[in-house]
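Colleague: One-letter residues, chain by chain:
Protein chains: 2
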Amino acid sequence: MEAHHIELIRKTIKLAQHNMRQGHGGPFAAIIAKDGIELASGCNSVTTTNDPTAHAEIMAIRNAGQKLGTWKLDGYELYTSCEPCPMCLSAAYWAGINKIWFSANSEDACLAGFNDSHIYQEIAKPTEQRKIDMSALLPAEGKALLAEWVTLPDKVMY
Amino acid sequence: MEAHHIELIRKTIKLAQHNMRQGHGGPFAAIIAKDGIELASGCNSVTTTNDPTAHAEIMAIRNAGQKLGTWKLDGYELYTSCEPCPMCLSAAYWAGINKIWFSANSEDACLAGFNDSHIYQEIAKPTEQRKIDMSALLPAEGKALLAEWVTLPDKVMY
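As they're listed, the protein sequences go chains Z and F.
Counting from 198, one number per residue, gives the positions in the first sequence under the working numbering.
Counting from 198, one number per residue, gives the positions in the second sequence under the working numbering.
One thing to keep in mind: the hints can contain errors.
Since the list gives no way to pick one copy over another, a pair counts as held whenever it fits inside one copy or between any two copies.
With a Cα cut of at most 27 angstroms, we get these calculated DSSO-like pairs of lysine-lysine [unchecked claim]:
| id | residue 1 | residue 2 |
| --- | --- | --- |
| 1 | K328 | K296 |
| 2 | K328 | K269 |
| 3 | K296 | K322 |
| 4 | K211 | K352 |
| 5 | K208 | K328 |
| 6 | K322 | K231 |
| 7 | K322 | K352 |
| 8 | K264 | K328 |
| 9 | K352 | K208 |
| 10 | K340 | K296 |
| 11 | K296 | K208 |
| 12 | K231 | K340 |
| 13 | K264 | K322 |
| 14 | K322 | K211 |
| 15 | K328 | K231 |
| 16 | K231 | K352 |
| 17 | K296 | K352 |
| 18 | K208 | K340 |
| 19 | K264 | K340 |
| 20 | K211 | K340 |
What the hints contain is simulated information worked out from the structure, not anything from laboratory work.
Next up, chain Z with everything else stripped away, as it sits in the complex (with noise of 0.2 angstroms):
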């Protein structure tokens, strides 16, 4: 184990303590990192601006972006003072995260009243038998724009 991804994991404990005791959200906290070198950090801001997507992944990933000038975290890794939830993993693939760090785990954040368990359990799912009802409505007119966008010349795909 390098000495570098055990500092970076206990900063984000140290960042989220004080995010915790400060009041400025959740007790959570996260750093993406190459190569042991800090990009970018962000902690949970939820309570406090009104967002539930403010989770410290989710705010790190953003800001990772914004000092890279992309949204293509490739190769970066993704330390955390707690496992993520589900909304905060797939955010990790979409930016292509390649590792992560994290500190405590969901059952530790469960204890704290933290509970992602049944995100998880819904998501794995079929879409019918999710406890938010989905339903399909105007599928045909849904399908014809993303087909447009198939045809699109200077389209930037992600």
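Fit chain F to the known structure of chain Z by using the hints.
Modeller: Same frame as chain Z, now just chain F:
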């Protein structure tokens, strides 16, 4: 089927079409509404804002939180031009969305180059079997931090 559902889903398709044709991002838009009254909307801007989390549903949820002045969207419905990816679906659960209406489906999106099925598959796997390698570091320190959170008198839960 009440007419306002059709109107709102058609509006997401129009917004998505405009977003795509103007080069603002991918062909995706979403609206947060209750009882047919639109609260907020959002469009995909991943490639123009360098934010891999800037999917339409995430943007709509963030905008809704700003407008309402809270991170709780309980009782609100999400209209989206395309079936949500696991990041956006998880965000809907965190926000308390109780109904999702979508036009195009995940298969349509995949045919247009937006494949999220592998992320759905990854999310459902045990931690140690995922393509993004995940490792625990200093687990006791993160656990202690969450235990401190439980003892804080003035914490705001979400």
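Colleague: It remains to establish, for every hint, whether it holds in the given structure.
Modeller: Hints versus structure:
no., hint, verdict
1, K328 with K296, "between (31 angstroms within a copy, 9 angstroms between copies)"
2, K328 with K269, "between (33 angstroms within a copy, 17 angstroms between copies)"
3, K296 with K322, "both (26 angstroms within a copy, 16 angstroms between copies)"
4, K211 with K352, "between (42 angstroms within a copy, 18 angstroms between copies)"
5, K208 with K328, "between (37 angstroms within a copy, 25 angstroms between copies)"
6, K322 with K231, "between (35 angstroms within a copy, 25 angstroms between copies)"
7, K322 with K352, "neither (33 angstroms within a copy, 33 angstroms between copies)"
8, K264 with K328, "between (38 angstroms within a copy, 26 angstroms between copies)"
9, K352 with K208, "between (39 angstroms within a copy, 22 angstroms between copies)"
10, K340 with K296, "between (34 angstroms within a copy, 21 angstroms between copies)"
11, K296 with K208, "within (17 angstroms within a copy, 39 angstroms between copies)"
12, K231 with K340, "between (39 angstroms within a copy, 25 angstroms between copies)"
13, K264 with K322, "neither (36 angstroms within a copy, 32 angstroms between copies)"
14, K322 with K211, "neither (36 angstroms within a copy, 30 angstroms between copies)"
15, K328 with K231, "between (39 angstroms within a copy, 18 angstroms between copies)"
16, K231 with K352, "neither (29 angstroms within a copy, 33 angstroms between copies)"
17, K296 with K352, "neither (29 angstroms within a copy, 31 angstroms between copies)"
18, K208 with K340, "between (46 angstroms within a copy, 15 angstroms between copies)"
19, K264 with K340, "neither (35 angstroms within a copy, 31 angstroms between copies)"
20, K211 with K340, "between (47 angstroms within a copy, 13 angstroms between copies)"
In summary, the structure is inconsistent with hints 7, 13, 14, 16, 17, 19 from the numbered list given earlier, while agreeing with the others.
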